[in-house]
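*Asks:* Single-letter residue listing:
There are 2 protein chains.
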Amino acid sequence: MELVTISDIEAAAKRVQGVAVRTPLLLQTWDPRGTLWLKPESLQPVGAFKVRGAFNAIGALDEERRSRGVIAYSSGNHAQAVAYAAQQYGVPAVIVVPDVAPRIKVEATRAYGAEVIEVPIGEHEGKARELAAERGLTLVPPYDDAAIIAGQGTAGLEIAEDLPDVEVVLVPVSGGGLASGVGTAIKARCPRAKVIGVEPALAGDTAEGLRLGRQVDWPQADRARTIADGLRAQPSELTFAHLKQVVDAMVTVSEDEIREAMRTLARKARLVAEPSGAVATAAYLFHAGELPAGRTVALVSGGNADPALFAEILAAG
Amino acid sequence: MELVTISDIEAAAKRVQGVAVRTPLLLQTWDPRGTLWLKPESLQPVGAFKVRGAFNAIGALDEERRSRGVIAYSSGNHAQAVAYAAQQYGVPAVIVVPDVAPRIKVEATRAYGAEVIEVPIGEHEGKARELAAERGLTLVPPYDDAAIIAGQGTAGLEIAEDLPDVEVVLVPVSGGGLASGVGTAIKARCPRAKVIGVEPALAGDTAEGLRLGRQVDWPQADRARTIADGLRAQPSELTFAHLKQVVDAMVTVSEDEIREAMRTLARKARLVAEPSGAVATAAYLFHAGELPAGRTVALVSGGNADPALFAEILAAG
Numbered sequence: 001m002e003l004v005t006i007s008d009i010e011a012a013a014k015r016v017q018g019v020a021v022r023t024p025l026l027l028q029t030w031d032p033r034g035t036l037w038l039k040p041e042s043l044q045p046v047g048a049f050k051v052r053g054a055f056n057a058i059g060a061l062d063e064e065r066r067s068r069g070v071i072a073y074s075s076g077n078h079a080q081a082v083a084y085a086a087q088q089y090g091v092p093a094v095i096v097v098p099d100v101a102p103r104i105k106v107e108a109t110r111a112y113g114a115e116v117i118e119v120p121i122g123e124h125e126g127k128a129r130e131l132a133a134e135r136g137l138t139l140v141p142p143y144d145d146a147a148i149i150a151g152q153g154t155a156g157l158e159i160a161e162d163l164p165d166v167e168v169v170l171v172p173v174s175g176g177g178l179a180s181g182v183g184t185a186i187k188a189r190c191p192r193a194k195v196i197g198v199e200p201a202l203a204g205d206t207a208e209g210l211r212l213g214r215q216v217d218w219p220q221a222d223r224a225r226t227i228a229d230g231l232r233a234q235p236s237e238l239t240f241a242h243l244k245q246v247v248d249a250m251v252t253v254s255e256d257e258i259r260e261a262m263r264t265l266a267r268k269a270r271l272v273a274e275p276s277g278a279v280a281t282a283a284y285l286f287h288a289g290e291l292p293a294g295r296t297v298a299l300v301s302g303g304n305a306d307p308a309l310f311a312e313i314l315a316a317g
Numbered sequence: 001m002e003l004v005t006i007s008d009i010e011a012a013a014k015r016v017q018g019v020a021v022r023t024p025l026l027l028q029t030w031d032p033r034g035t036l037w038l039k040p041e042s043l044q045p046v047g048a049f050k051v052r053g054a055f056n057a058i059g060a061l062d063e064e065r066r067s068r069g070v071i072a073y074s075s076g077n078h079a080q081a082v083a084y085a086a087q088q089y090g091v092p093a094v095i096v097v098p099d100v101a102p103r104i105k106v107e108a109t110r111a112y113g114a115e116v117i118e119v120p121i122g123e124h125e126g127k128a129r130e131l132a133a134e135r136g137l138t139l140v141p142p143y144d145d146a147a148i149i150a151g152q153g154t155a156g157l158e159i160a161e162d163l164p165d166v167e168v169v170l171v172p173v174s175g176g177g178l179a180s181g182v183g184t185a186i187k188a189r190c191p192r193a194k195v196i197g198v199e200p201a202l203a204g205d206t207a208e209g210l211r212l213g214r215q216v217d218w219p220q221a222d223r224a225r226t227i228a229d230g231l232r233a234q235p236s237e238l239t240f241a242h243l244k245q246v247v248d249a250m251v252t253v254s255e256d257e258i259r260e261a262m263r264t265l266a267r268k269a270r271l272v273a274e275p276s277g278a279v280a281t282a283a284y285l286f287h288a289g290e291l292p293a294g295r296t297v298a299l300v301s302g303g304n305a306d307p308a309l310f311a312e313i314l315a316a317g
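Just so you know, the sequences run in chain order A and B. Sequence positions in the first sequence follow full-length UniProt numbering and run 1 to 317. Sequence positions in the second sequence follow full-length UniProt numbering and run 1 to 317.
Bear in mind the hints are in silico, worked out from the structure with no lab data behind them. The structure displayed is predicted, hence computed values, not measured ones. Where hints are given, some of them may not hold.
Unchecked claim - Quick list of simulated restraints, FRET-style, between CB atoms:
#1 A:Gly90 <-> B:Asp99: 55 to 65 Å
#2 A:Met1 <-> B:Glu10: 45 to 55 Å
#3 B:Asp99 <-> A:Gln87: 27 to 37 Å
What the hints assert, rightly or not - Sample of chain B residues facing chain A (criterion: CB under 7 Å; computed from the structure):
#4 Ile6
#5 Ser7
#6 Ala11
#7 Lys14
#8 Pro24
#9 Arg33
#10 Ser42
#11 Leu43
#12 Pro45
#13 Val272
#14 Gly303
#15 Pro307
#16 Leu309
#17 Ala311
Claimed, not checked - Covered stretches of chain A, going by a simulated chain B footprint (3 or more residues, C-beta under 8 Å):
#18 38-44
#19 218-228
#20 267-273
All C-beta atoms in this analysis are idealised placements derived from N, C-alpha and C, irrespective of residue type, glycine included.
So that you can see chain A by itself, here it is in the shape it has in the complex (with noise of 0.2 Å):
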């Protein structure tokens, strides 16, 4: 299987500059341990990381195939960020949810002028597919896809940019498009640190495929449990082939972690973090005895939490 190289990232790095932030490190200066740096990829256009896969996918594609649209299915920030991307490009885009999906989710996309179709949970993948051949759109993956994770790999460019002696870095894996993405950019220019992805333990299913060495398949309704609704999905064959590559151990956070990460979040850091974009930074305070001590990155990987759960967490503790 071909694994994306350092050189894809780096030309996605050309396509995405300008429309994704260029997002700064924000050193903690309140941590005791004065090691903590915020990658705070909420702070892109839709709130996520996601944009920069959207980008780098939609525009890869030739000009041709590009202008007769594209389809997306996503529970959430993926939807966002090809809509998005394809309103900067001009192109048409529908994306298929899952009816569960988080209001504030399904408003954005909508806002953005995609096309969205809402189906019932399970079915939105395949719905996609069928409507992709139908209307001949190009399917953009969440995550099963090298320009995807080229993409998200732009984001570990620019940490070993701005802090080319990290030493460890902390990432979300949920389909592994970003960890598969920002550890290839990390491994490349910065060998020696260690890359490390971070699941709710109510997901784990990478932290135990890693383990066994294998791909494992946990059950819809097992990783549906845990709030980071961001981080239910699972590797597909590409992503695990990178994942086994390049990351070099997994922590899992539970969700009492998450919810005082999140609130850590907010009032030391100023940033609003979801769920899923909280648990990063829940390893490094909870979970220091599994990491390698050292300058550490946290990779805030969104910010689109669901404004009523965002007022109760920073109510309730």
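Fit chain B to the supplied structure of chain A, relying on the hints for placement.
*Replies:* For chain B alone, kept in the frame of chain A given last:
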């Protein structure tokens, strides 16, 4: 009276480089007008733009004087900024705070290694001057100082670099150091852009003063009514002279508008803003009729919201 120049601000930019975060401009893609960029100074160390001025002021002292230490009086973010900057320079800091200051800010100031002295409100400036004389410390004023104004102006320099065709810059006004510095930078680099100062209506002394063409004095008790605890000061002779030169107009916002802007910043921009940090965004959202149209930067000056207040505001709307 000698005003701060663009050269002073350029010199300050060299001093703060690598210490203050080079905050990005964040285009707000959810905004139907499509003309809003945020400058998130809430992401600075200590959570506010104040670190720029403090660093520049302490950095501009000669080594002998600096080594004896610094002292500041402040109700909040300036305190933390001076404490943090002094810690970075390795010199002692004493901070005199009014005993009504938000606890989160007092605790954060102590965490940066400063000696914190709490006195009744209204006495903190006098006490600081007394201690400065007694202990041979250099007073770092919150705004009435050319080095502070030049330091804050570096935020304006960055706006001009990142969006050279900016048309409107919205900046909070309290003591006026930020607006003086940012306005000076913008007028030098983007002379066609309008610089608009924003105040809470309940502390609208500068709006009144600039309308009358002379400094006015509002009773402390009146200014204390606003939720925006960072905007209760009023300009000095020095900052007022700058504001007359570089501020094209003033806008005042209501308390409800400030709260609504905090909710919008959290939900749409994924930023935690303190009330003072939200006034420029409130002006954009609710006072479009008083503002020139066009590419607008709203400066989010700080993010140190009291956690309970922030949770209450998020839950309320």
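*Asks:* Any hints this thing doesn't respect? Which numbers, in order?
*Replies:* 3, 4, 5, 6, 7, 9, 16, 19
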